[in-house]
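Student: Residue numbers for the sequence shown follow this note's numbering, beginning at 93 and rising by one.
Derived by calculation from the structure, the hints in this document are not laboratory data. Do not rely on the hints blindly, as some may be mistaken.
[Unchecked claim] Below, a list of computed lysine-lysine pairs in the DSS-like style, where the Cα atoms sit at most 27 Å apart: (1) Lys219 with Lys103; (2) Lys219 with Lys95; (3) Lys103 with Lys204; (4) Lys195 with Lys95; (5) Lys219 with Lys195; (6) Lys204 with Lys219; (7) Lys103 with Lys195.
[Unchecked claim] Across the chosen pairs, the derived CB separations fall in these ranges: (8) Ser105 with Ile214: 17 to 25 Å; (9) Gly166 with Glu113: 33 to 41 Å; (10) Ala112 with Glu132: 26 to 34 Å.
Treat the numbers as computed from the prediction; the structure is a model and nothing was measured. All C-beta atoms, glycine included, are put in the ideal place defined by N, C-alpha and C.
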Amino acid sequence: MAKQTAQLLLKISSELDLDAEELEQLTQQLREELLELDVESVNLVRAGEAPKGAKVGDPISWGTILVTLLAAGGVVTTLINAIQSWLARDERRSIIMEINGDKLQITGVSSKEQQQLIDAWIDRHTKS
Numbered sequence: 093m094a095k096q097t098a099q100l101l102l103k104i105s106s107e108l109d110l111d112a113e114e115l116e117q118l119t120q121q122l123r124e125e126l127l128e129l130d131v132e133s134v135n136l137v138r139a140g141e142a143p144k145g146a147k148v149g150d151p152i153s154w155g156t157i158l159v160t161l162l163a164a165g166g167v168v169t170t171l172i173n174a175i176q177s178w179l180a181r182d183e184r185r186s187i188i189m190e191i192n193g194d195k196l197q198i199t200g201v202s203s204k205e206q207q208q209l210i211d212a213w214i215d216r217h218t219k220s
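Working from the sequences, and respecting the hints, build out all of it.
Tutor: Below, the structure is given as structure tokens:
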């Protein structure tokens, strides 16, 4: 039986006015933490074609990460717990998670209502 995978798009945002370097650092930091989890892959998202004459490959869309994982409840829950832990280090951060157009924003401030939304979102993407 083939394992069913899901692609989760993460978009980092902050109440702070981040410059490109700060957003790059946050993106790399989160990516490194997610690579420690039991996920299939954690990739930086490419922004598209580089301007003509540029001597670089595809530019990276800093602040955006694509995670491929098994669509099992335990893996998704572990991933979200890691994201919540990362967000808790600075309450001004938030992440928009998206699977197949279904979006959920998580902030650094945890609440009962936010946890209920997270649990419902996980259920939608882990039930067969």
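Student: The structure should be examined with respect to each hint, and the outcome stated for every one.
Tutor: Here is what the structure says about each hint:
Between Lys219 and Lys103, the direct Cα distance comes to roughly 24 Å. Compliance with the 27 Å bound is thereby established for this hinted pair. A distance of roughly 14 Å separates the Cα atoms of Lys219 and Lys95; the hinted pair therefore holds under the 27 Å criterion. Straight-line distance between C-alpha atoms of Lys103 and Lys204 comes to about 23 Å, which keeps the hinted pair within the 27 Å bound. For a cut-off of 27 Å, the pair hint linking Lys195 to Lys95 stands: about 23 Å separates their Cα positions.
For the given pair, Lys219 sits about 17 Å from Lys195 by alpha-carbon distance, which is consistent with the 27 Å threshold. Our distance criterion of 27 Å between C-alpha atoms is met by Lys204 and Lys219, whose separation comes to about 22 Å. Straight-line distance between C-alpha atoms of Lys103 and Lys195 comes to about 10 Å, which keeps the hinted pair within the 27 Å bound. Taken as a hint, the range 17 to 25 Å holds for the pair Ser105 and Ile214, whose Cβ atoms sit roughly 21 Å apart.
The hint said 33 to 41 Å for the Cβ distance between Gly166 and Glu113, and at roughly 36 Å that hint holds. Look at Ala112 against Glu132: about 28 Å separates their beta carbons, and that is inside 26 to 34 Å.
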